[in-house]
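Q: Sequence:
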Amino acid sequence: MTSFTGLNRLSPQDVQLLFALSPSELKKKILLISDHALKIPSSTPVTHLSSHALVKLPYRNNSYDLLLCLDLNEDQYNLPLFLDFQRVAHEIRVFPIAHQNGNLFPTIAQIMLEFQKRQFGIEIKHIPSVLNIPSNALLRAWSQTCPVNALP
Numbered sequence: 001m002t003s004f005t006g007l008n009r010l011s012p013q014d015v016q017l018l019f020a021l022s023p024s025e026l027k028k029k030i031l032l033i034s035d036h037a038l039k040i041p042s043s044t045p046v047t048h049l050s051s052h053a054l055v056k057l058p059y060r061n062n063s064y065d066l067l068l069c070l071d072l073n074e075d076q077y078n079l080p081l082f083l084d085f086q087r088v089a090h091e092i093r094v095f096p097i098a099h100q101n102g103n104l105f106p107t108i109a110q111i112m113l114e115f116q117k118r119q120f121g122i123e124i125k126h127i128p129s130v131l132n133i134p135s136n137a138l139l140r141a142w143s144q145t146c147p148v149n150a151l152p
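Every letter in the sequence shown is one number past the one before it in the numbering used here, and letter 116, counting from 1, is 116.
Keep in mind the hints are simulated off the structure, nothing from the lab.
There's no promise every hint is true.
[Claimed, not checked] DEER-style ranges, computed between Cβ atoms:
| id | residue 1 | residue 2 | range |
| --- | --- | --- | --- |
| 1 | Lys125 | Ser11 | 16 to 24 Å |
| 2 | Lys117 | Lys39 | 34 to 42 Å |
| 3 | Asn103 | Pro23 | 31 to 39 Å |
| 4 | Ser43 | Asn101 | 31 to 39 Å |
| 5 | Ser24 | Pro128 | 13 to 21 Å |
| 6 | Gln13 | Ala109 | 14 to 22 Å |
| 7 | Pro23 | Asp75 | 34 to 42 Å |
| 8 | Leu113 | Gln13 | 18 to 26 Å |
| 9 | Pro45 | Ser22 | 17 to 25 Å |
| 10 | Asp65 | Ile124 | 19 to 27 Å |
| 11 | Ser43 | Pro106 | 20 to 28 Å |
[Claimed, not checked] Subject to a maximum C-alpha distance of 30 Å in a straight line, what follows is the list of computed DSS-like cross-link-like pairs (lysine-lysine):
| id | residue 1 | residue 2 |
| --- | --- | --- |
| 12 | Lys29 | Lys56 |
| 13 | Lys39 | Lys117 |
| 14 | Lys125 | Lys39 |
| 15 | Lys56 | Lys28 |
| 16 | Lys125 | Lys56 |
| 17 | Lys29 | Lys39 |
| 18 | Lys117 | Lys28 |
| 19 | Lys27 | Lys56 |
| 20 | Lys56 | Lys39 |
| 21 | Lys125 | Lys27 |
| 22 | Lys39 | Lys28 |
Glycine included, each C-beta is placed from N, C-alpha and C at the ideal position.
Whenever a hint applies, use it, and build me the whole structure from the sequences.
A: Here it is as structure tokens:
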């Protein structure tokens with residue numbers, strides 16, 4: 001289990017810091033996956049989805065600009081789920097990606113390698129400490145291609 005105490009108390013500004021969201025990113029179409037009642041200081045509506053029983057996301061390809069995922073259980077860190085995240089959003093950010101002792105989850109390296117093979121940009125991004133949460137890194141992956149719809 002990856003649950004960190006204090007996540008319920010995150011303010012919208014804390015969530016913005018945690019996911020390293022710029023002011024321009026707050027204007028994008030965002031899907032937030034979390035079991036916590038979190039808010040983001042966004043000027044557009046944010047779609048919330050519980051992380052319980054995630055198998056396949058019920059959204060069309062490229063439905064969102066950003067997918068933010070917080071506090072999955074360690075057994076949910078698997079390649080099919082992360083590829084589904086990437087299917088529905090141009091960019092994903094997932095926190096945490098490490099145990100409270102700082103060790104990365106074992107599947108993170110495999111996920112990163114597979115994303116690189118599929119020509120996605122991927123990085124582990126340092127984030128500021130928020131509410132004394134011991135982990136200070138998130139996984140960021142983004143599409144390096146621009147989806148173009150077929151012309152009529």
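Q: None of the hints should be skipped; say for each whether it holds.
A: Structure-based check of all given hints:
At about 21 Å, the CB distance of Lys125 to Ser11 agrees with the hint of 16 to 24 Å. The given range of 34 to 42 Å is respected by Lys117 and Lys39, whose C-beta atoms sit roughly 36 Å from each other. For the hinted restraint 31 to 39 Å between Asn103 and Pro23, the CB-CB distance of approximately 33 Å keeps it satisfied. Taken as a hint, the range 31 to 39 Å holds for the pair Ser43 and Asn101, whose Cβ atoms sit roughly 38 Å apart.
Ser24 and Pro128 have their C-beta atoms about 19 Å apart, which keeps the hinted 13 to 21 Å range intact. The beta-carbon spacing between Gln13 and Ala109, approximately 32 Å, falls outside the hinted interval of 14 to 22 Å. Hint check: Pro23 to Asp75, Cβ distance near 35 Å, so the stated range 34 to 42 Å holds. For Leu113 and Gln13, the Cβ-Cβ distance of about 34 Å falls outside the hinted range of 18 to 26 Å, so the restraint is violated.
The hinted range of 17 to 25 Å is satisfied by Pro45 and Ser22, whose Cβ atoms lie roughly 19 Å apart. Separated by about 21 Å at the C-beta atoms, Asp65 and Ile124 satisfy the suggested range of 19 to 27 Å. Remark: the range hint 20 to 28 Å for Ser43 to Pro106 is contradicted by a beta-carbon distance near 38 Å. Between Lys29 and Lys56 the alpha-carbon distance is near 19 Å, which keeps this suggested pair within the 30 Å criterion.
With a CA separation close to 34 Å, the supplied pair Lys39 and Lys117 exceeds the 30 Å bound. For the suggested pair Lys125 and Lys39, the alpha carbons sit about 21 Å apart, so the restraint of at most 30 Å is met. Proposed proximity of Lys56 and Lys28 is supported: the alpha carbons are some 22 Å apart, at most 30 Å. A distance of roughly 26 Å separates the Cα atoms of Lys125 and Lys56; the hinted pair therefore holds under the 30 Å criterion.
Restraint check for Lys29 and Lys39: the C-alpha separation of about 14 Å stays at or below 30 Å, so the hint holds. Restraint check: the Cα-Cα separation between Lys117 and Lys28 comes to about 27 Å, which is no more than 30 Å; the hinted pair holds. The straight-line distance between the Cα atoms of Lys27 and Lys56 is roughly 26 Å, inside the 30 Å bound, and the hint therefore holds. Our distance criterion of 30 Å between C-alpha atoms is met by Lys56 and Lys39, whose separation comes to about 24 Å.
Between Lys125 and Lys27 the CA atoms are separated by roughly 21 Å; this keeps the pair inside 30 Å, and the hint holds. Under the criterion of a C-alpha separation no larger than 30 Å, the hint pairing Lys39 with Lys28 is consistent with the structure, at around 15 Å.
When the structure is compared with the earlier hints, violations turn up for hints 6, 8, 11, 13 and for no others.
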